[in-house]
Amino acid sequence: MGKRLKKCIKAPTVSFTAPVLLVSQRQASAYPPNSFEQAHFILFCHLHILSSLVISLNKTSTTASSKTIVLITGANQGIGLEIAKKFATENPTYHVLMSSRSLAKCEAAIASLPSGLSLEPIELDVTSDSSISKAVTAVQEEYGRLDVLINNAGISENTLPEDLTFRQRYTQIIDTNTISAACVTDAFIPLMRKSPEPRIILVSLGLSSIGNTLDPKFPYYGYDGPEYKASKPAMNMVMAIYAVKYKDEPIKFNACCPGLRATGLSGGKGNHPSVGAIIVCRLATAGEDGGSGTYTDKDGTFPW
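The numbering used here puts the first residue of the sequence shown at 771, with every later residue one more than the last.
There could be a bad hint or two in this list.
[Stated by the list, open to error] Calculated pairs, DSS-like style, for lysine-lysine (alpha carbon to alpha carbon, straight line, at most 25 Å): (1) Lys964 <-> Lys904; (2) Lys837 <-> Lys904; (3) Lys1015 <-> Lys964; (4) Lys987 <-> Lys856; (5) Lys987 <-> Lys1015; (6) Lys837 <-> Lys964; (7) Lys964 <-> Lys1017; (8) Lys987 <-> Lys904; (9) Lys837 <-> Lys856; (10) Lys856 <-> Lys875.
[What the hints assert, rightly or not] Pairwise CB distance ranges, derived in the manner of DEER restraints: (11) Ile1048 <-> Leu984: 26 to 34 Å; (12) Ala834 <-> Gly981: 26 to 34 Å; (13) Tyr993 <-> Pro931: 18 to 26 Å; (14) Asp1067 <-> Ala1004: 33 to 41 Å; (15) Pro1020 <-> Ser903: 39 to 47 Å; (16) Ser836 <-> Asp1059: 23 to 31 Å; (17) Lys1068 <-> Glu967: 18 to 26 Å; (18) Asp1067 <-> Met1007: 27 to 35 Å; (19) Ser900 <-> Pro931: 18 to 26 Å.
Keep in mind the hints are simulated off the structure, nothing from the lab. Glycine included, C-beta positions come from ideal geometry on N, C-alpha and C.
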């Protein structure tokens, strides 16, 4: 495993049983003490053990590489954590890379889930170009491709300091939710194009639907939070642009609304975030006949 990968991804613990070389007393006595033959025999034993270790490590890497590789941004909490949990528990053929700005938080999140799941932490700050580049390099060196990318990381006015100015709130939220989602998507597309069935999902927001915002019959008509609501339609446009650009390739781009869920972004309002993970996983596991360039929720097509 390369140096860059060690910095970005925590390697799984590998256990193996070294071979036991049985040498009879008669065989041992055939080599006089400190003889060349005895030294050669000892060297052979060491090389045999080392070879077994390499084979064991390669088997572990091959097992993960043969799975569908999924990367989720902002996976240490909320809907991102529930998406990772659903993928890993219901799809044993999936290997999930859980990313966050803090590797320690990802490791803690994995520790909170049932043991034995195919999960791996990776440090990725979506607002940092260098962090994105390191993550891409790590995935490239370890797996050579990426099958599913879930752009889930985001912030809202509920997660920002109260002393920020109006401009600062808009700038930070749009930078994280829109610009960073575009940067992460663009950076990983070369690896996605190496997958037989690549899928890119952008987690959007029903409250950001322009049609619903103007509809007095919409249950959340007049709901505040302008910065957060404004960031998601722009993100939806990012998705639509890529869907058109790659319409002749297998790669599919879709946006979805997970619904109002009890997370830090919503201020704790809504149902359990596990419900929101359903639509995301459904889109990410869609077959070749699955659509591209769509905006949906659990009930179907959502108005732009």
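Hint numbers contradicted by this structure: Checked against the structure, the hints that fail are numbers 4, 5, 8, 12, 14, 15, 18, while the rest are satisfied.
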